[in-house]
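Can you make the complete structure from the sequences, with help from the hints?
Number of protein chains: 2
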Amino acid sequence: MLTFQTVTESDLRLFTESIFKAIGCPTSDAQTAADVLIEADLRGIDSHGVARLSGYIRLFESNRINPKPNFTITREKKSIFTINADGALGLVVAPKAMEMVIDRTEKYGSSYAAISNSNHFGIAAYHAMKALSHDFIGMAMTNASPLVAPTYSKERMLGTNPICYAIPADKQAAFVLDMATSAAANGKLEIAERQGKALPTGWLEDKNGDSSNDSKSLKGGGYLLPLGSDKDHGSHKGYGLGAIVDILSGVLSGANFGPWVPPFVSFLPVLPDLPGKGIGHFLGAMDVDGFIDKTEFKQRMDQWILRFKNAERKNSEQEIIIHGEPEIEFKKVRKNEGIPIISNVTNDLITLSEKYCIEHPFSK
Amino acid sequence: MLTFQTVTESDLRLFTESIFKAIGCPTSDAQTAADVLIEADLRGIDSHGVARLSGYIRLFESNRINPKPNFTITREKKSIFTINADGALGLVVAPKAMEMVIDRTEKYGSSYAAISNSNHFGIAAYHAMKALSHDFIGMAMTNASPLVAPTYSKERMLGTNPICYAIPADKQAAFVLDMATSAAANGKLEIAERQGKALPTGWLEDKNGDSSNDSKSLKGGGYLLPLGSDKDHGSHKGYGLGAIVDILSGVLSGANFGPWVPPFVSFLPVLPDLPGKGIGHFLGAMDVDGFIDKTEFKQRMDQWILRFKNAERKNSEQEIIIHGEPEIEFKKVRKNEGIPIISNVTNDLITLSEKYCIEHPFSK
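Chains L and D, in that order, give the protein sequences.
Residue 23 is where the first sequence starts when you use my numbering, and the numbers rise one by one after that.
Residue 23 is where the second sequence starts when you use my numbering, and the numbers rise one by one after that.
Hints are computed from structural coordinates only; laboratory data are not their basis.
Do not take every clue at face value.
Using 25 angstroms as the maximum straight-line C-alpha spacing, the simulated SDA-like pairs for lysine to any residue come out as follows [claimed, not checked]:
#1 L:Lys316 x D:Ile95
#2 D:Lys193 x D:Lys316
#3 D:Lys377 x D:Leu36
#4 D:Lys299 x L:Ala333
#5 L:Lys229 x D:Lys377
#6 L:Lys43 x L:Thr94
Beyond 12 angstroms from chain D on every Cβ pair, some chain L residues (computed) [to be verified]:
#7 Gly77
#8 Glu83
#9 Gln217
#10 Lys241
#11 Val355
#12 Arg356
All C-beta atoms in this analysis are idealised placements derived from N, C-alpha and C, irrespective of residue type, glycine included.
Here you go:
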């Protein structure tokens with residue numbers, strides 16, 4: 023039986039900030055890192071919120087995170103640049119890099135940043151959405167620990183490598199696509215596991231390359247399938263998209279790539295003979311107003327969104343979903359009613375609280 | 023029984039150029055348009071080569087293509103700009119726009135162009151690959167006639183909206199991903215239809231929203247499914263990617279979008295109250311050398327490609343495929359041995375030949 027405790031956003035934020043400060047992050051960095059995690063929880067992306075806090079802390083304890091990084095721009099050419107994140111939390115470097123992308127977009131119309139020597143950056147949407155208040159289109163991607171096998175392979179070669187685009191609208195909510203390039207992301211597997219449900223065929227295969235409906239196959243040496251699931255249904259496309267994310271985030275930035283991307287979990291070893299530093303991200307923005315009057319664009323986006331909402335339904339009860347809207351609904355509810363934290367995450371956070379002598383917001 | 027005639031690249035090119043000249047295209051535009059189609063045939067993308075020539079000509083005959091367009095830049099901001107293609111063939115405007123993108127990438131590090139008032143541009147790879155000789159990363163996408171229904175909908179709202187990235191390597195061939203955002207592209211359906219094979223479940227549904235294995239369901243009012251096929255397998259991701267292509271190509275450029283994108287086939291009417299002009303493309307490039315030393319990058323790409331080629335195979339006989347390689351193999355063979363043209367396409371081209379009094383390269 024699963025149990026939840028509901029805590030307020032502000033209590034959870036204060037606790038999370040305090041933990042990041044306790045490992046040595048400067049206050050403003052701790053606030054930024056906490057904001058990325060809390061935003062994931064508010065948006066209903068529970069797998070990427072405080073559920074990961076203890077994972078980040080374990081990486082710090084394994085000396086794989088630098089709480090006081092000194093970022094450097096290693097190369098640049100007007101609208102584009104590369105940052106060495108000096109082992110920072112991705113949660114800290116990505117928002118700062120996105121601010122730099124926004125400054126250069128203001129100047130040149132578009133800007134792209136490749137980032138190496140970083141760690142996991144939380145939800146891609148947090149970073150891409152920073153562009154929205156400027157009426158810019160934002161983009162964010164990152165490579166990640168290898169879990170996905172290419173078409174025809176049974177080796178973990180790519181992460182679930184997400185792609186996010188955030189596009190402003192007028193009266194409608196912004197269009198925000200934030201998707202893993204695998205058929206199913208880890209979060210989906212965790213939910214199915216918690217509910218004790220068999221997984222749909224086409225999400226993963228076991229270590230022998232046989233189809234599996236059991237999420238345990240992944241821990242047993244299996245792998246996730248790319249979006250498309252099999253060759254007949256376009257798995258080479260999901261593999262190709264994951265490859266693009268890996269190449270732009272990893273090969274281009276000077277970070278690791280493919281099977282060499284360091285694992286998020288601290289108990290798995292980092293491979294020898296690494297081709298780069300840490301994990302990599304790729305961020306970008308484009309100024310809508312450089313292409314078309316921005317008011318006209320946002321009105322056209324409203325027209326796009328309303329037309330798609332009103333597309334003919336297969337089932338009259340089931341609305342057509344516009345990307346980004348479900349997360350807004352979650353956020354409205356959780357801002358008012360608090361954030362439900364599942365018991366194993368609660369226990370994890372209480373353990374952290376004891377270890378770092380930080381008061382926690384849960385009842386035992 | 024299907025029959026083929028094999029013709030040389032140069033004969034097919036000459037014929038195709040002559041047809042474009044016959045409808046009034048200036049010589050250099052006719053050469054460009056022919057080059058895009060012949061390149062598709064050389065690369066083995068038969069659905070996008072001369073098989074479409076009669077389709078373009080029928081659009082011209084319906085006054086939907088301007089053979090002597092006057093492109094204008096309608097708005098710009100340093101690295102980004104918008105072109106009104108004046109009803110041009112996409113085959114003509116996209117290569118020219120890509121040259122402009124390359125010039126601005128040279129200057130600013132990256133550049134993006136949104137193009138409205140255009141028509142179908144052939145294979146996206148042709149345009150993105152123009153960046154490779156400059157050691158730039160190239161990107162091309164386009165919206166297209168609506169055939170794909172969003173998740174939970176049974177209405178054709180999006181085209182098969184392709185995304186292409188072309189990324190240079192050193193000794194290895196460039197990485198070129200050119201993918202439709204539907205589970206299967208039209209070309210795949212045509213091949214299955216010709217071979218009289220039932221389609222895999224998950225490619226299309228009939229007009230009632232029921233699963234179908236018969237390609238005729240599409241002509242009967244059905245629709246293609248997004249990459250992912252169903253919600254459980256991530257069709258909302260394929261739908262989201264198709265949406266991004268539609269928004270960047272159509273909404274941002276001032277072209278039509280969604281269900282309003284004018285059909286490629288001239289016998290289907292253009293809808294009333296269009297929100298824009300023609301169809302739209304979105305092209306871009308980034309200068310690798312602005313991020314990382316370009317020689318180092320290309321060597322890292324070689325390392326990436328070789329590592330993925332050597333990923334553990336599910337079946338020892340089946341190689342792991344690197345995107346772009348199968349097309350290179352096709353091109354080698356067809357450069358030497360000629361291009362096989364299927365009989366219905368041959369007949370189509372002979373009809374064109376008679377109509378425009380142009381000598382054709384086929385035996386009757």
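Checked hints:
1. About 17 angstroms separates the Cα atoms of Lys316 (chain L) and Ile95 (chain D), which keeps this hinted pair within 25 angstroms; it holds.
2. A distance of roughly 13 angstroms separates the Cα atoms of Lys193 (chain D) and Lys316 (chain D); the hinted pair therefore holds under the 25 angstroms criterion.
3. A distance of roughly 17 angstroms separates the Cα atoms of Lys377 (chain D) and Leu36 (chain D); the hinted pair therefore holds under the 25 angstroms criterion.
4. Taking the CA atoms of Lys299 (chain D) and Ala333 (chain L), the gap is near 22 angstroms; set against the 25 angstroms cutoff, the hint holds.
5. Restraint check: the Cα-Cα separation between Lys229 (chain L) and Lys377 (chain D) comes to about 60 angstroms, which exceeds 25 angstroms; the hinted pair is violated.
6. In summary, the hint linking Lys43 (chain L) to Thr94 (chain L) is supported, as the alpha carbons are separated by about 22 angstroms, within the 25 angstroms threshold.
7. Gly77 (chain L), annotated as away from the interface, keeps every beta carbon of chain D farther than 12 angstroms; the closest lies near 25 angstroms.
8. At roughly 30 angstroms, the least C-beta separation between Glu83 (chain L) and chain D is larger than 12 angstroms, which holds for a residue marked as non-interface.
9. The beta carbon of Gln217 (chain L) sits about 14 angstroms from the closest Cβ of chain D, which is more than 12 angstroms, so the claim that it is off the interface holds.
10. At roughly 18 angstroms from the closest C-beta of chain D, the C-beta of Lys241 (chain L) stays outside 12 angstroms, upholding its exclusion from the interface.
11. Here Val355 (chain L) stays apart from chain D, with its beta-carbon at least about 21 angstroms from theirs, past the 12 angstroms limit.
12. No beta-carbon of chain D comes within 12 angstroms of the beta-carbon of Arg356 (chain L); the shortest separation is about 22 angstroms.
Comparing the model with each earlier hint shows a violation of hint 5 alone; every other hint is respected.
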